[in-house]
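Participant: Chains as they are written, first to last, in the UniProt record's numbering: chain A, 1 to 340; chain B, 1 to 256.
No lab work stands behind these hints, which were simulated from the structure alone.
Virtual Cβ for every residue (Gly too), placed ideally from N, Cα, C.
Mixed in with the good hints there might be a few duds.
[Said to hold, decoys possible] Taking lysine-lysine pairs in the DSS-like style, the calculated list, with each CA pair at most 25 Å apart, reads:
#1 B:Lys32 <-> A:Lys89
#2 A:Lys89 <-> A:Lys41
#3 A:Lys178 <-> B:Lys38
#4 A:Lys224 <-> B:Lys107
#5 A:Lys157 <-> B:Lys107
#6 B:Lys38 <-> B:Lys71
[Said to hold, decoys possible] One-sided excerpt, in silico: chain A residues whose CB lies under 8 Å from chain B:
#7 Thr171
#8 Val172
#9 Ser173
#10 Lys221
#11 Met225
#12 Lys272
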Amino acid sequence: MGSFLDFFYALANYSWMQRAFYTALIVGIVGGIIGVFILLKGMVFLGQAIAHTAFAGAALAILLGIEPLYIIIIFGVIAALGVGYVNEKKIMKEDIIIGVIFTFFMALAIIFITLNKQYSTDVNAILFGNILLVSKLNFVVLIITLGIVGVLILGLKKEYYLITFNSDIATVSGIPVKLLEYLLLILLALTIDVSLKAIGAILVFAMIVTPAAAAYQWTFKINKMLLLSSLIGVISSIGGLFLSYLLNLSSGATIVSLSTLIFLFSFIMSPKRIKTGFTTAECKFCRHVINGESYCLDEPECRALDIPHYHDDKGIIILKKDIKPLSTPTKHKHDKEEEK
Amino acid sequence: MQLKQESNNLTSNRDHSDVIVCLKDVSVAYGKNIALYKINLDIEKGEFIGIVGPNGSGKTTLLKTVLGLIKPIQGNIRLFNQNIDGKIPREIKNKISYIPQFTPFDKNFPALVEDVVMMGRYNKIGMFRVPSKEDRERVKHALELVKMDNMAHRPIGHLSGGQQQKVMIAQALATSPSILLLDEPTSALDFKMTKNVMDILTQLNKTYGITIVTIHHNLRIIKEYTKRVIAINKTLVYDGSPNDSQFDEIIDEMYI
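Based on the sequences and whatever the hints tell you, model everything.
Facilitator: Next up, the structure:
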């Protein structure tokens with residue numbers, strides 16, 4: 001287990017390992033937090049388009065021989081504003097925009113890379129990322145940017161929650177919806193841009209979506225979802241860093257694979273899905289879906305009205321057969337038919 | 001409790017010349033399509049008004065124009081005796097609540113009933129702040145008003161359509177509004193639940209003096225619950241009592 005101890009030795013003694021550790025920690029936390037609102041708002045694909053624009057920015061920077069980070073950030077923010085504008089004005093359908101922008105910027109990126117006659121290892125680093133090679137400059141920018149993103153998103157939590165719930169109600173109640181939507185896109189672009197070097201352009205978006213999607217499976221409370229999402233983000237990023245070091249694998253790919261495993265586990269074990277199995281049960285009498293407080297409220301003619309088919313406090317249904325009827329239900333027409 | 005007091009103040013100051021919504025020659029267009037043409041409308045404090053009209057007649061557009069979600073191409077809007085030109089000022093927004101057309105919630109949306117009602121108070125709480133004890137009291141009270149307080153901790157997606165609609169009413173009430181605009185609040189509900197929701201609205205109107213404007217498709221419900229009905233078909237075609245014989249004629253004409 002030499003390399004196991006190596007990991008902690010490096011962590012204690014080398015600044016590049018400490019940078020990697022803190023990068024993993026903060027990308028996990030902030031990616032998890034912003035991911036919750038991206039997921040609930042249904043902006044997952046818009047974010048994917050932004051990630052690929054950032055890659056084109058990186059390719060251009062390498063061609064021009066400038067520090068990629070600045071160009072990436074400029075490209076990302078412009079992409080966020082452009083995507084937001086096209087989406088707001090409903091110029092075309094969302095999936096068409098994404099299909100067009102996404103491929104165009106990939107094409108641009110490829111042109112920039114091929115213009116650059118000698119294949120640079122930098123391109124590789126941007127595409128696949130390496131959390132162990134995060135430079136000092138990149139680290140400082142990452143900590144500051146993600147710190148600001150985290151504070152802003154948590155500070156505006158209520159507003160974003162209401163916007164994801166119903167943006168018309170949010171507008172009427174006086175929340176500057178358009179402004180906040182643009183801000184969310186810009187914060188998303190910044191999160192992607194500064195994390196690009198650590199996780200890689202292809203995979204960085206998984207750090208935002210996957211932990212939130214996993215957390216979504218577990219809870220009905222927004223605060224709990226935010227907490228779980230950043231926790232899952234941290235577990236996968238730090239766990240991934242550790243595993244990639246131990247097994248000598250690509251760090252970005254290991255981190256994303258780990259978070260996907262957590263997502264799969266959450267999806268299979270999700271109490272929501274298990275509950276759904278019950279809640280979509282049909283009422284035997286009115287063939288209506290049993291839900292909520294469920295005295296077959298939706299169906300006033302149902303003769304099972306006087307048989308309680310309840311949920312208990314945790315939302316689990318106590319099946320009808322477990323409860324004695326309060327009174328004998330009158331029979332349906334179709335019951336009589338069945339008897340025949 | 002405070003909601004009650006505020007509302008009582010409202011009712012005590014009630015004056016029949018109190019016009020809180022006033023539209024003058026308001027026209028709205030989507031591109032080149034005229035959606036509403038020269039609408040003139042006064043709504044007084046404490047009224048219970050039904051809006052009817054065929055699909056695509058501009059009912060929702062009318063509500064959204066009053067709410068400032070759509071800008072008219074011409075005409076003048078006054079809310080609470082203030083000319084609205086562009087953005088609606090915050091103190092007026094606080095007096096108006098809106099319940100959009102019912103769309104069923106994603107079953108797994110991470111929100112409890114009390115969270116949804118609390119959203120109604122977000123604009124009063126303000127950005128970068130957390131709800132206070134008073135806010136929670138208001139939420140509880142709003143849920144009591146619609147008799148949903150026993151379900152405060154249920155996920156919103158697990159309720160039936162009627163229960164969800166009552167939660168939306170509670171959310172609108174949490175702001176302690178003077179006027180409540182509803183877009184087909186009962187379109188997804190059966191007759192029993194429809195009456196239940198309309199009874200709650202009537203009670204809010206009578207007890208707390210909240211002005212209610214509701215779009216409705218069911219003429220039977222309109223006749224039973226409202227004293228004034230507005231029929232719209234791109235322009236205002238009727239404004240008066242729903243039990244007038246002239247109204248029946250206009251309805252026949254409009255829907256044939």
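Participant: Regarding the pair Lys224 (chain A) and Lys107 (chain B), is the alpha-carbon distance no greater than 25 Å?
Facilitator: Since the Cα atoms of Lys224 (chain A) and Lys107 (chain B) sit roughly 17 Å apart, the hinted pair holds (cutoff 25 Å).
Participant: Return the status of the interface hint for Met225 (chain A): holds when the least beta-carbon distance to chain B is below 8 Å, violated otherwise.
Facilitator: 5 Å, holds
Participant: Given Lys221 (chain A) as an interface hint, is the shortest Cβ-Cβ distance to chain B below 8 Å?
Facilitator: 6 Å, holds
Participant: Taken at face value, is the distance from the CA of Lys71 (chain B) to the CA of Lys38 (chain B) at most 25 Å?
Facilitator: Satisfied, since the Cα-Cα distance of roughly 14 Å is no more than 25 Å.
Participant: Taken at face value, is the distance from the CA of Lys89 (chain A) to the CA of Lys32 (chain B) at most 25 Å?
Facilitator: OK: Lys32 (chain B) and Lys89 (chain A) at ~16 Å, within 25 Å.
Participant: When the nearest CB of chain B is found for Val172 (chain A), is that gap smaller than 8 Å?
Facilitator: With a minimum Cβ separation of about 4 Å from chain B (threshold 8 Å), the hint on Val172 (chain A) holds.
Participant: Tell me if the straight-line CA distance from Lys89 (chain A) to Lys41 (chain A) falls inside 25 Å.
Facilitator: Cα-Cα ~17 Å, so holds.
Participant: Between Lys157 (chain A) and Lys107 (chain B), is the straight-line Cα distance small enough, at 25 Å or below?
Facilitator: Roughly 21 Å separates the two Cα atoms, so the pair holds.
Participant: Checking hints one by one. Is Thr171 (chain A) an interface residue toward chain B, by the C-beta closer than 8 Å rule?
Facilitator: 6 Å, holds
Participant: Should the interface hint for Ser173 (chain A) be scored as holding, given a Cβ-Cβ cut-off of 8 Å against chain B?
Facilitator: 4 Å, holds
Participant: Are Lys178 (chain A) and Lys38 (chain B) close enough, with their CA atoms no more than 25 Å apart?
Facilitator: Roughly 29 Å separates the two Cα atoms, so the pair is violated.
Participant: Interface hint check: Lys272 (chain A), Cβ to nearest Cβ on chain B, cutoff 8 Å. Holds or violated?
Facilitator: This interface hint holds because 5 Å falls under the 8 Å limit.
Hint 3 from the list above is the single one not met by this structure.
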